[in-house]
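First to last, the protein sequences are chains W and F. Counting with our numbering, you get residues 1 to 306 for the letters of the first sequence. Counting with our numbering, you get residues 1 to 306 for the letters of the second sequence.
Hints in this document: simulated from the structure, not taken from any laboratory. Hints should not be assumed to be uniformly reliable.
Note that the list lumps identical chains together, so a pair holds whenever it fits in one copy or between two copies.
Cut-off 27 Å, straight-line C-alpha distance, at most; resulting in silico cross-link-like pairs (DSSO-like, lysine-lysine) [as the list claims (entries may be wrong)]: (1) K35 / K264; (2) K20 / K241; (3) K240 / K264; (4) K260 / K196; (5) K9 / K241; (6) K127 / K264; (7) K260 / K238; (8) K133 / K20; (9) K133 / K260; (10) K20 / K240.
For clarity, every value in this text was computed on a predicted model and none was experimentally measured.
Listed here are the chains, written in short residue letters.
Number of protein chains: 2
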Amino acid sequence: MRLCYACSKEPAEIFIDYSKRWLCINCFLNYYERKVKRTIEAYRMIKPNEKIGVAVSGGKDSTTLLYVLKKLYPSLNLTAIHLNLGVKEYSDHCNEVLRSFIKKLNVPLIEFNLIKQLGFSIHNFEKTRHGRKICSICGTIKRYLLNKIAYENKLDKLATGHNLDDIVEVIFNCYVQGDIVQLARVNPVLPGNHPKLVARIKPLCMMTEMENLLYASYAELPFRSLSCPLSKGNRSLKNKKFINAIILKEMPTFKHMLFKSYVKRIAPYINPPLEKIFECEICGMPTSKNICAFCRLTKIIKPLPQ
Amino acid sequence: MRLCYACSKEPAEIFIDYSKRWLCINCFLNYYERKVKRTIEAYRMIKPNEKIGVAVSGGKDSTTLLYVLKKLYPSLNLTAIHLNLGVKEYSDHCNEVLRSFIKKLNVPLIEFNLIKQLGFSIHNFEKTRHGRKICSICGTIKRYLLNKIAYENKLDKLATGHNLDDIVEVIFNCYVQGDIVQLARVNPVLPGNHPKLVARIKPLCMMTEMENLLYASYAELPFRSLSCPLSKGNRSLKNKKFINAIILKEMPTFKHMLFKSYVKRIAPYINPPLEKIFECEICGMPTSKNICAFCRLTKIIKPLPQ
């Protein structure tokens, strides 16, 4: 029987591929929490007395984020924010899973329902010219609404559950596409460089998707069991699959190296062209154009078929 | 029978994977030469009346480079420079293949023999602490000597046969390792920013390794048939294999995109920490330290076993 590398007592169950160590369940949970804490401290993500909004989707990443933040910092002022995107079956399922969990955690929850509060859902974009890039549209809508809700509720920061795989996929894609503006936005901490832009933090940026899945499973956190029906075959999923194929075969340290190299050795020397920030002529929220992406998008949607 | 995409007359024999086109031999040779010419012009690599040194190893890339430069610009003032690195069997084989070819081309050849002129060869580094990174040491020695020879012979520029695969491997490695200084040096044109540093150009930077091999083969250029016995298992070859595995499977345009994105959209926004250039206390050539890498290396070698 293989024993845990850390405690040398319990049987090892989990293999951390990039450090090549076997851990038992308890030591894995400890390792995970310590690593998130170290990340938060290394990037100075949270200051005392700050009000932190946590974007929760019902998935393993954001559920783990909320749970671990509450566990690591019990007195932290946390508010969960959930967007119900109106995706058939999927969104209601996410919502149900989430509600009972958050109630138990005793964290206040702000829910925002696209259909009820704005009269449309992500499905409304399916038949527009953006239909093929629905995940990118959904991302824009989510970023806009999460920021607006955090701003209107006077939260100091917004924490999201982005994991290492998410971030490495973006860095990789930016390198291949040469997207220097997006590349400069990859950082684990994004300051809110406008009074209406809430600063963003990514406390799980050092944890792989697999580590989040293992943590959520072994800590017995409830998370959604359905995949979003609109996300099939999107670029980000393809790239991640491809990066994972690289790693398994050739470079177990690829994700960690690409991320650390970017953050520590490349990002400090990148000076992207500065974007001016205006206020949107329609909604007044920050944007680099006259009209923000959210208002441009919501102008073109067709009524939802009943 | 599949006909050539360009002439629609001859049978197609060569598949250009990233543009998904089949060409006949003649149209491939034309396409290759036109593309090299376009690269030279796009990056303004050569000005009228410049004296161009061409580093020739005896391999397919540099042999093709010299041949194509002579063909595209018959009146260009070219000088071939060849380093005999003293690698057993390999170096003499390269030298033989090269001599008769260059004689036919009617280009002056400067030969430099490490053993005869400096009393050591690349083998002398095998048993030093650099033995495991012998390709990197060999690169340093070659860069130093090629620059020195070009400088002493008052050449205006030094052209090398680096192909797209070479360059993409370096960019990829710099991204993974976070080597911002090396990354800034990847450009197809490197100005000689010191009176003793000869500017470098890479006219084949847009041509894949496979395209060079096909050109050299179909144009019936003689090139070495042996591989360097010291290069087995080196990082660059592993990375290239790995990148080719990516491309064949997932992204036929990967190399071209990574290169173009870097040169056009990322490099302009990178400001690496500036390195001061001194003159080496031993040899007087440019260096970022007190003593240049060449002199530091040649100080530690042990006598060659006879």
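Can you name, in rising order, the numbers of the hints this structure does not satisfy? When the structure is compared with the hints, numbers 4, 5, 6 turn out to be violated.
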